[in-house]
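Novice: Sequence:
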Amino acid sequence: PIDLLKYAGVVTWVCAAIPLLFHAWIYPNPLAPHILMAWALLHLVFGAAYWHQAKILPSRKSVGDSLLLLFLMTGSALLIGHLSQTAVAGILLLIVAGMLPWMLPLAPGMAWLICQNVALAAVISIIPGVGSTGAVMLAGMFLGVSLTAYVASLVGLRNIRARIALSRVNSELRATQSLLAENTRIAERVRIARELHDLVGHHLTALTLNLEVVTHMVDGKVLGHVQQAHSLAKLLLADVREVVSEMRKDDRVDLQQVLIALTTGVPEPIVHLDIPPSLTLTDPEQAQTVLRCVQEVVTNSVKHAKAKNLWISVEMLEDCMQLVAADDGIGADKVKMGNGLAGMKERVETLGGSLDIQSSHGLGFVLTVKLPQNKGVM
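Under this note's numbering, the first residue of the sequence shown is numbered 122, with each subsequent residue one higher.
Be aware that a few hints might be false.
[As the list claims (entries may be wrong)] Calculated pairs, DMTMM-like style, for lysine to aspartate or glutamate (alpha carbon to alpha carbon, straight line, at most 25 Å): (1) K424 <-> D360; (2) K424 <-> D404; (3) K424 <-> E389; (4) K466 <-> D454; (5) K466 <-> D449; (6) K342 <-> E436; (7) K466 <-> D404; (8) K457 <-> E439; (9) K182 <-> E417; (10) K355 <-> E333; (11) K355 <-> E316; (12) K466 <-> E417; (13) K427 <-> E389; (14) K176 <-> D124; (15) K429 <-> D395; (16) K457 <-> D124; (17) K355 <-> E436; (18) K491 <-> E417; (19) K424 <-> E439; (20) K491 <-> E470; (21) K427 <-> E363; (22) K127 <-> E333; (23) K424 <-> D375.
[As the list claims (entries may be wrong)] With beta-carbon atoms standing in for the labels, derived distance ranges: (24) V290 <-> L356: 48 to 56 Å; (25) P226 <-> D440: 15 to 23 Å; (26) D454 <-> Q206: 36 to 44 Å.
For the record, the hints were derived by calculation from the structure and aren't laboratory data. Note that beta-carbon positions come from the ideal geometry of N, C-alpha and C, so glycine has one too.
Let the hints inform the model, and build the full structure from the sequences given.
Specialist: Shown next as structure tokens:
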């Protein structure tokens, strides 16, 4: 849908150049060469400004950049209408109407839409033979069509935002499901290992001790069978202990797998993960904290930072595990601790860790989380 919107605007822009071509080569009484040159130059300025915004959709530029592009497009369209003495400016302003939802919030966008059509009426009114009444009528018609283009584009924008939000929530659910499955698997293996050790292991130990006693009470052929049974019981006890040890060893959460599940499906920002495949966690609470920290970082980058890229790395230091997340968003000179960041800090400090946030305007955010290295980190 985004590509269709981009290229529909390009096609409309090309079609709006048809009157210029007719005036240059077909009409018997063409406009003056300097007017045709200015018309062509303004048409190119409009196209360049349009494409500068369209190529990054669905992203939105800063308010200052958006206003500059809107002034260039609207101003060049109105000047074209004034120079050419035609209503072709109304066609170009339809393109502006379709771009407004992607560049300005609802109220400023509607205000701009109305103002540009009022200006269009003023430009049309100076066309010979049109007059004020005709100008108002034409501008009103263009306003109606522009409003349709604006609303259609606004619906498309909200639909795309809803899809992005749904994709992000789906990724969070997949990551939570993956972590829950890992924790369930670990808990079940630990439970089975404990049962084997507490029940089967104790019974085999008792059986081995009893057979040891019996070997001192019998002799002859029976003694050989008892000794064989005693040896088998000891071997079985050793096997049970080995199985229990192996089951307890496989109680690690694959952190890389969980974070990939979380970040897959997030269209923007582009998430770059740097996590050693060998890094695993045995503490479910610590794994949950790391997951929630990354989840909050991704959410903030989407909603507030307006970042294009997000780099997340996890590494083991001498005494702690370090999580670093950095983006290339707008940043801020002063970081405000909202509910999300405050909750993240509480989680980290509950585990004895620390959270640090560095930011400055235009340089993005850098978040560092350190969790103490304990038996939960491998």
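Novice: Would you mind marking each hint as holding or not holding in the structure?
Specialist: Status of the hints after comparison with the structure:
{"no.": "1", "hint": "K424 <-> D360", "verdict": "violated, 55 Å"}
{"no.": "2", "hint": "K424 <-> D404", "verdict": "violated, 31 Å"}
{"no.": "3", "hint": "K424 <-> E389", "verdict": "holds, 10 Å"}
{"no.": "4", "hint": "K466 <-> D454", "verdict": "holds, 20 Å"}
{"no.": "5", "hint": "K466 <-> D449", "verdict": "holds, 22 Å"}
{"no.": "6", "hint": "K342 <-> E436", "verdict": "violated, 64 Å"}
{"no.": "7", "hint": "K466 <-> D404", "verdict": "holds, 18 Å"}
{"no.": "8", "hint": "K457 <-> E439", "verdict": "violated, 31 Å"}
{"no.": "9", "hint": "K182 <-> E417", "verdict": "holds, 23 Å"}
{"no.": "10", "hint": "K355 <-> E333", "verdict": "holds, 10 Å"}
{"no.": "11", "hint": "K355 <-> E316", "verdict": "holds, 19 Å"}
{"no.": "12", "hint": "K466 <-> E417", "verdict": "holds, 11 Å"}
{"no.": "13", "hint": "K427 <-> E389", "verdict": "holds, 9 Å"}
{"no.": "14", "hint": "K176 <-> D124", "verdict": "holds, 9 Å"}
{"no.": "15", "hint": "K429 <-> D395", "verdict": "holds, 17 Å"}
{"no.": "16", "hint": "K457 <-> D124", "verdict": "violated, 37 Å"}
{"no.": "17", "hint": "K355 <-> E436", "verdict": "violated, 43 Å"}
{"no.": "18", "hint": "K491 <-> E417", "verdict": "holds, 16 Å"}
{"no.": "19", "hint": "K424 <-> E439", "verdict": "violated, 35 Å"}
{"no.": "20", "hint": "K491 <-> E470", "verdict": "holds, 10 Å"}
{"no.": "21", "hint": "K427 <-> E363", "verdict": "violated, 53 Å"}
{"no.": "22", "hint": "K127 <-> E333", "verdict": "violated, 86 Å"}
{"no.": "23", "hint": "K424 <-> D375", "verdict": "violated, 28 Å"}
{"no.": "24", "hint": "V290 <-> L356: 48 to 56 Å", "verdict": "holds, 53 Å"}
{"no.": "25", "hint": "P226 <-> D440: 15 to 23 Å", "verdict": "violated, 48 Å"}
{"no.": "26", "hint": "D454 <-> Q206: 36 to 44 Å", "verdict": "violated, 50 Å"}
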